[in-house]
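Chemist: Could you put together the complete structure from these sequences and hints?
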Amino acid sequence: MSMLKIEIDGSELEVPHGSTVMDAVNKLGTYVPHFCYHRKLSIAANCRMCLVEVEKAPKPLPACATPVTDGMKVRTNSLAAKNAQNGVMEFLLINHPLDCPICDQGGECQLQDLAVGYGKGESRYQEEKRVVFSKNLGPLVAAEEMSRCIQCTRCVRFGAEIAGTMELGMINRGEHSEIVSFVGQTVDSELSGNMIDLCPVGALTSKPFRYAARTWELARRRSVSPHDSVGANLVVQVKQNRVLRVLPLENEDVNECWISDRDRFSYEALNGDDRLQRPLVRRDGQLQETDWDTALGEVAAGLRKAGKDFGLLAASSSTLEEFYLASRLAKSLGGAADFRLRHCDFSADGKRQGIPWLGMPIAELQKLDRVLLVGSFLRHDQPLLAHRLRQAAKAGAKICVVHSADDDLMMPVAHRIIVRPSDLPGALDGLEEGEIAQIMQSGEKAAIILGNFAQQHPDAARIHASAESLARRWNACLGVLGDAANGIGGYLADLPVGASAGAMVEAPRRAYMLLNTEPEFDVADPVRALRALRSADFVVSLSPFRPGVEDYAHVVLPMAAFTETSGTFVNCEGRVQSFEAAVRPLGEARPAWKILRQLGTLMGFHDFEFDTSEQARDACLGGRNVSSLLSNATSVAASTAGAKAPTIQRVADVPIYFSDGLARRSAPLQKTRQSRVPRAMMNERLLSQIGATSGGPVKVASATGAVEIVVGVDNGLPDGCVRLAGAHSSTALLGAMFGELSIERADDGAGAR
Amino acid sequence: MSEIAAATSAARANALSDASLARIDREIAKYPPEWKQSAVMAALSIAQDERGWLSTETMDFVAGYLGMAPVAVYEVATFYNMYNLKPTGKHKLTICTCLPCGLQGSLDAADHLRNRLKVDFNETTPDGNFTLKEGECMGACAMAPVILVNNKRMCDYMSHEKIDALIKELGGE
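Protein chains in written order, with this note's numbering: chain A, 1 to 753; chain B, 1001 to 1173.
Derived from the structure by calculation, the hints contain no laboratory data. Among the hints, a few may not be true.
Only pairs whose alpha carbons sit at most 30 Å apart, straight line, appear in this in silico DSSO-like list of lysine-lysine [what the hints assert, rightly or not]: (1) A:K40 with B:K1036; (2) B:K1086 with A:K129; (3) A:K5 with A:K82; (4) B:K1090 with B:K1162; (5) A:K40 with A:K27; (6) B:K1133 with A:K129; (7) A:K120 with A:K73; (8) A:K394 with A:K445; (9) A:K394 with B:K1036; (10) A:K59 with A:K27; (11) A:K351 with A:K331; (12) A:K644 with A:K699; (13) A:K394 with B:K1030; (14) B:K1036 with A:K367; (15) A:K671 with A:K644; (16) B:K1036 with A:K445; (17) B:K1092 with B:K1133; (18) B:K1162 with B:K1152; (19) B:K1118 with B:K1092.
Have a look at the derived ranges for each label pair, beta carbon to beta carbon [stated by the list, open to error]: (20) A:E55 with B:L1021: 51 to 57 Å; (21) A:Q438 with B:S1017: 38 to 44 Å; (22) B:A1165 with A:E684: 55 to 61 Å; (23) A:Y31 with B:G1102: 40 to 46 Å; (24) A:G430 with B:D1018: 38 to 44 Å; (25) B:G1102 with A:K59: 23 to 29 Å; (26) A:D273 with B:G1052: 42 to 48 Å.
Glycine residues also receive a C-beta, built at the ideal position from the N, C-alpha and C atoms.
Modeler: Have a look at this one:
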């Protein structure tokens, strides 16, 4: 299609049909003041700040909502345009308090900035200003000063268009308009923090950051999120060696201009009381503080004694450098190391043709038109990828779901099959024909995506193989979301070494090293893991935090937390992203790669002498082209039915703010709705079968233990399933995240099986 | 989730009558299926016809019926002042007090109404027969003063005599 010619302030340019004057202005690189316009949101044209003069138009027009016509002549800073903009600013300031020095947004406020250029020196408005009461929107977003709101509705549009759920709205009209959540509810979206960035004034601010610092006091350091496989780019803001805020760093290919609340607010854990600052060594049964030399000496002795019988469990969010040195240590000792701690099926090891990955760049997700999502709590596991698929769905993509729970994805789902976990592989095999097959084959660009639940499933290899064969049949791309921030990094560092995480726990070893791992939360079966650790002769734990369970570790070494170490994450699309430390490690803590390096050298192993994390990274990558190593192809046999299915099965998700040590210790995240103590959810049929009532206590037992917990109803769950979150202290005694449970009423003990 | 279950059962309890739902369905049919929410204004007014006013629960039900976010329905219901967000008297009298009407005597008419009914704006007579409301432009400036009875019946050129007659007709003194 031909282009449209437009002249802006005397410069001519061509823009495609359908462009607005604002698009053209942006293309030209000039600036028109605006508040409500945001390139990722729909056009509202309600702030009127972007009024410009258009030749032959009788009055100024809003640049954001005026489509370009051929030959249009626009003037953005003529007298008429400037008068219009000044006039709008005067009206915006009528009800806005003129007390920037006491506003939390002061110094980083778009209204304040533009008022300098477009406002008057003093107000002509002498009458009373309106007052809007504060709202309680939950622990993350502060709406304390709603009188400052200029009704741009960015937050409302963000909810409806990006987060997928309209939690805020603007009620009433005219000067009575105000932003509210429906009847006093909180904002619970896992992306809600972005509203703070979007708000052009001080109406919505960050609750944890409020009045902690002024923007000009903060140093800004780039970083990468350690929480999920997206690898969102971050700006870590620091004052006096303390992280005070985390904001998104725009990267259109990865996180656009968004980050999830987990990425944004987990930093609160860094400044908590339970950070470990000095090495601990067990003396007379007690962990006591000591110096580094003593602690490292004990570790070297302990590991030497165990020799080959050594197992290393590394958090999946470890950096590439940490993985690399961990893998070298395990190899040098002849022991084992793995990072796939929440997995329980390792039968695909040795049968993969490459490193599992998303199968496409992240940005491509948005362009898919047919998607089959298998076994994924997507909004909790990879919130930003859920947003990408939501945008695809809005553009017409048909999303199909095969899963064991029917959580609201906040996007239209074309077809769903919800089955018991044990039936998940069978359900996939049965997809060769039927509605989903029809949908999947009717598009241009189809993908099958395996979520965390599918990868952590006891039949994960079979699920993968079935998905692979379906992808071939439907000519679809197969993608693996990656249940770790740095899963690809782990494989690149040549992990697993020796044995899988499952085998290391199954057959206890004499010595263990835990790298930023809390076995009571971070592994597939906490009960078995703790049993293995307790029976070991020697356990060393590298952790940024004081251990929650104190009885298994013999030495605890304080490692630098996220933001305190340099390193590299490889995200699910195979993007290698290195980052520097934003602050110095707290107390005597050291970056884990340095601890491992020192330990390796101390024990007399070769190839541990790296001066910088970059050297370790380069040694690990060895000049290899990462993208050529990625493949989702396996040679696992597609079928063979599993063992007899249990009558009542556990469906375990990892709640979003329990996924890792940082999120678990972030006070604001722990106050959200998502962090409430998990309930045993089941459908009404199972509930009435055991004779319990919703809200009452039940006793849930597994092969390893029993817990008493409150029961709830979720009719989206399949028959014979109890959904009970993992990674939580209230359910840790139940052990494995999959498998058989028995359940009975706990109030009078008279329940049925 | 249990909240969803609770919301569903609450929605069932707040369901409108079949006759109202049939009327709403007729409105929905006027728009393409993916734009069901275009019927929200009509649906709210039908719901109000049945219930007399729009409670939060009623708006929740309408939201669920049209597949909209509840807060989006709340936005619409608070924007237009013909929707009653609180119970009103049997007859809601809304008098326009905008500038053109005001110039043509509607402020005087409003005073007369207040004196006759002995209530102020946004108040209901003790017998529950009348609620008095101040309205925005009704597009009938030429016929000022104008009074709207229960959102549906427009009375124009409302002199004191005509106001007295209207009050009498509606069962007042």
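Chemist: Give a verdict on every hint.
Modeler: Now for the hints, and whether the structure bears them out:
1. A:K40 with B:K1036: 25 Å, holds
2. B:K1086 with A:K129: 27 Å, holds
3. A:K5 with A:K82: 24 Å, holds
4. B:K1090 with B:K1162: Distance of about 20 Å is within 30 Å: holds.
5. A:K40 with A:K27: 16 Å, holds
6. B:K1133 with A:K129: Holds, at roughly 25 Å.
7. A:K120 with A:K73: Within the cut-off at roughly 29 Å; holds.
8. A:K394 with A:K445: 15 Å, holds
9. A:K394 with B:K1036: 16 Å, holds
10. A:K59 with A:K27: The hint holds at about 24 Å.
11. A:K351 with A:K331: Holds - the C-alpha atoms of K331 (chain A) and K351 (chain A) are around 21 Å apart, at most 30 Å.
12. A:K644 with A:K699: It holds: about 24 Å lies between the C-alpha atoms, which stays within 30 Å.
13. A:K394 with B:K1030: This hinted pair holds, its Cα atoms lying about 23 Å apart.
14. B:K1036 with A:K367: 26 Å, holds
15. A:K671 with A:K644: Roughly 40 Å between the alpha carbons, so the hint for K671 (chain A) and K644 (chain A) is violated.
16. B:K1036 with A:K445: Holds, at about 29 Å.
17. B:K1092 with B:K1133: Roughly 7 Å between the alpha carbons, so the hint for K1092 (chain B) and K1133 (chain B) holds.
18. B:K1162 with B:K1152: This hinted pair holds, its Cα atoms lying about 18 Å apart.
19. B:K1118 with B:K1092: 14 Å, holds
20. A:E55 with B:L1021: 51 to 57 Å: Between E55 (chain A) and L1021 (chain B), where Cβ atoms are some 53 Å apart, the hint holds.
21. A:Q438 with B:S1017: 38 to 44 Å: With a Cβ separation near 39 Å, Q438 (chain A) and S1017 (chain B) satisfy 38 to 44 Å, so the hint holds.
22. B:A1165 with A:E684: 55 to 61 Å: 59 Å, holds
23. A:Y31 with B:G1102: 40 to 46 Å: 43 Å, holds
24. A:G430 with B:D1018: 38 to 44 Å: Roughly 40 Å apart at Cβ, these two residues keep to the hinted range, so it holds.
25. B:G1102 with A:K59: 23 to 29 Å: 27 Å, holds
26. A:D273 with B:G1052: 42 to 48 Å: 57 Å, violated
Of the numbered hints listed earlier, those contradicted by the structure are 15, 26.
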